[in-house]
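Please construct the entire structure, taking both the sequences and the accompanying hints into account.
Take a look at the letters that make up each chain.
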Amino acid sequence: MSSESDDENVIRYGTPLEPFEEDDIPTKRKFQQPSDQYAVDAYGRRRFHGAFTGGFSAGFGNTVGTPEGWTPATFKSSRMEKAQLSSQKPEDYMDEEDRSEFGIAPMQVQTQGEFSGQKRAKSNRFHDGPIPGEPVLEQILRPVHESAAVRMLRAMGWRDGQGTGERLKKTERKKAKEQHKVYGCYMPPEVRQDNQGSADESSDSEFEYETLFAPDDYEPYILLCKNDRFGLGYSGLSRHSVLGSLVGEYGSGDRRSRLVMKEKGKKVSIRGQAFGVGAFEADDEDIYATEDMSHYDFTLAGPEKQMTTKTVQREKNVLEGFVKSNKPLPAVPSYPVPTLPRDYRPQPAAQRKTRFEPTDKPQRDQGLGRHELTAEARGALLGESQVKIEPPKPLIEVTTTTPNKSQTAMEKLFGKNVNFVTEKSEDFISIKSSGADLKTFKPFASDPSKQSRYERFLENKQVERDSDMDNVSAWERDREMLEFEQAAKLYRPLSGVMGDRFTHASQPDDALNPMCAVAKSSINYGLASEEMVEAAKKGAFGVMTRRTVDWRPESLVCKRFNVPEIGGRQEQKKEDKPKVSYSIFSYMETSVHNKESFTKEQHQFSGSKSISAERKVTEVPKTNESVAKVQEQPNKRMTVAELFLKESEKSKDTGQEVTETIEKFDKIDLYKAIFLSDSEPEDETTSTNFYETPKNIERNDSPPRGIFANINFDEINSWKRSQKDKDNSKAESSIDTKADEKSEIDKTKDIEESNMYGPKIPENLQLNTVINTNFKPKFRSKDERDESSSSDSWVDAKEVKSKKHKKKSKKHKIKHKKSKNKKKDK
Amino acid sequence: MTETLQLEVLSTIHCKQQVVRAVRFNIDGSYCLTCGADKKIKLWNPHNDLHLKTYGGHANEVLDVAGSSDNSQIVSCSADKSVILWDVTTGQPLRRYRAHASSVTCIKFNEESTMAISGSIDNTVAFWDVLSRRQEPVQILRDAKDTITSIQVTDHEVLTTSVDCHTRLYDLRIGKMISDYIGSIITHGSLTHDGQCLILSCSDGTIKLIDKDSGELLNTFMGHETNDYLLENCINDKDNQIISGSATGEIFYWDLISSNITNKLVHTYNKPVVSISHHPSDSILLSASEDEIKLWGVNSKE
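Residue numbers (the UniProt record's numbering), protein chains in the order written: chain A, 1 to 826; chain B, 1 to 302.
It is possible that some hints are incorrect.
[Said to hold, decoys possible] Cβ-to-Cβ under 8 Å is the rule here; a few derived chain A residues that face chain B:
#, residue
1, A536
2, K537
3, F541
4, G542
5, T545
6, R546
7, V549
8, W551
9, P553
10, E554
11, V557
12, N562
[Unchecked claim] One-sided excerpt, in silico: chain A residues whose CB lies under 7 Å from chain B:
#, residue
13, M532
14, T548
15, F561
[What the hints assert, rightly or not] Here are the simulated distance ranges between beta carbons:
#, chain 1, residue 1, chain 2, residue 2, range
16, A, V332, B, S214, 41 to 49 Å
17, B, T90, A, V40, 30 to 38 Å
18, A, P336, B, D155, 37 to 45 Å
19, A, P338, B, H193, 40 to 48 Å
20, B, K238, A, P346, 44 to 52 Å
Since the hints were derived computationally from the structure, they do not count as laboratory data.
In this text, a Cβ means the ideal position worked out from N, Cα and C, and glycines have one as well.
Right, here's the structure in full:
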């Protein structure tokens, strides 16, 4: 009863809230019916239509195409009525509420451009004056345009800084100021800070007579857009950094949210993020303080400790804010350098040098360029002999035999059938005849004493002190020494150089020995040493047959294989040029600048022999001796001719037939290597003794022509050879002197082989290298592209060779087996 | 596990390629590629005798072919000295590499198919970067002194075999080239799946199992005929049987441990089985002899 009566007694205003259910979780957002979720305009029409309800209703509320709706226009054009260009504007598709204040395209009254005061910048049409461009004055002075209203006000007597309206007396003006319109909460007058109030009081006395004043200017009340959702007057946490200059909030100059009150003469200033204390909050003392890191203590100890630190006397050489440590710095631990094993030779895998790296900096701007060559020197480089000049002391070799003697020996060697160009006969020198006719060139012919010194220098590689050199300073002597060295490198006749370039077939060519068939390449064991072959025969694979060589994958290969690069990244190796320019000039330059490669070639050539297998076996000790002798003077250069003269003398003693070596000196050799080949079908049965018949495998297959006929392309390419190669060659040459140290030789051979490119060394030759280490054939490495091209065409050369030979002597049956090409065809 | 599975001919495909030079399973063994003397490469589904696509563009016999690991590319090498990278779906050549001086005999992709590695009669092995547009080989290995007969690529190793009787293992990680002299021409080399052994087919009629680390001979497998053919070998998916073709037209299965012949499949008598390819995960073998490839496997219907 009571409740009902209560209900009746209570007078209710407004609509009651919906009663909460017990289980109901009060949510801010009520569940909305789908119909509630549509945006509707003021007329209750649905606002968005179309795709994803994003389209404009355009006032037609889904009625497009219907009689009451908007009918799409159709294009119509006839002869009578031409179709008119109708331009559509977005406004055509808008409702009035779109154009209203809160619509998507609010329309507002705006001063037209010409009255707005902001004149559009005139199109830049400058007068053609003496000074081109925009007039400077126009840049400095910008015309001020006044809006039409200002101009009208001016005309009515208004001045800047005044308000508009009737002129007022002072008292009236004061009154007006006091009761000016305020939006929002009206601030009590005592709280308001009128700073001009006192000034007004003081000026009262001055204007006692009735003076009319213009009303105060109305200061537009600019509303700042509130675009955050914080409370009114809230400003976020101070952005000042902890270490910033602004330590507390009290020192800050202007803070946005600040409430200053004056209460009973006591000024209360409230600053902070927000005003007011919530109803449920306890009365905290400092709720208005700006949160700042400086308010926090970072030390465990109290502030009195800080006081003590402040009182610490400042010491010398201590920066402000720093205290000198009373502990000395910990000593830097020093680790001794590890002791290396005695025979340790650093050879990281990454530092494996390739022979294709440029040896030195090519000093192209050096004085000894080709332009400084005399005609003689140039001719000499090209291998021409100078008839007039008597054969002087050759540059490189030590001629122990007299020319006469060598002549006879040569004749004996070569016999009659070989068309050998002897050194005397023509006005050119064959490449091979590098013996006694080498000329010393006289680069210092103008200065005879210098020239003589130069010649002496050539003899014993030392600038000797001479009578006229006494008065020359050491510096000049050094300089001259350098000069001589350069000259010695440069003024070396090409014939000698070329002779060194060409390596002879170390085995009888099949063209020369038609009874000797080419063995199947399976018995040509690649680079396998005899031990390896033996081991393989015995089936003892493993240590004996294995060789490990450093090999460096390219960085890109490592990258693609996802393998870390060995030794880290190295500087990019110079890309090999795809083509070599076979130019004599490049040859000349390299011959000048590549001393190492140069001497290497020398050594290689002096060691290379072509002796038939059986002779070599019998001749081992002899040749060893002779070569050992030769090698005893490493500085002095021997040519092939001399070597062979010596050798032939030896072999004469032993009664050996040496005619097989004739072709060594022969141009035919080269010629055959280039042109001759056989392409006969393989026939393994006829021949009794199988010799691996080596081709002139190192030769470039393309026949030299014209000016290139005498030029060694290897030399041209040799400037790209790596340091390592050179080192190897040096090692070889040094090892050659010690013929007995076989193990070392094997080692170097391994290195050499691993570095060798191109076709494999013939097996017989391999044998020889084992037996006769002194006659180890030095296959000159070839340049990459040179090699790749030659290795293929090498095969072709063989074929051609045999063909030619067949024509020459039909009765000879030449066996030439090439296994590798046959293999592939079923 | 030495039990011998009875393998039967599951399907025979007449490739119409004159002579099939190589047959290769793709990465997962669901498709296969054949290349032949007709200068074409053909893509098959051997499991249901389906010819899928033909890739033409080589100027001479295609000697070897390999599919990329994502099956999107094919790389092939030919006697026309070129290496061609193909797009599988369009059948168009993407790149044509010409740096070898002679016929390119063998080709492989690396593990991620970012490089193609080719070996040639010009004694060189070339690394081709198939990702970039670079036309020159990234690296050329010139250690071999004679024709490269086969290449195998693992994640960090490249194994090459050569007519110069050497097999060369290039280890990219340690930067070493390990060459082993084998004593006779190696016609094909493959690696066991564990990567510990090399299986080398030699022209002297043997297949040698060489320990990779020491270079020692572990086993020798004989019984087949070589007859100067470049016969291929492979190992089965379980690493317990060595498989090789023979000049007699048979396919030999040897037990890896005992080196006994455990199985002998007859492809066609007296027609040499030059190319074989084992399924990567199943006991399925593809063999190529002349113009015919055969798919061998266990007949599941029985």
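Tell me, which hint numbers fail for this structure?
17
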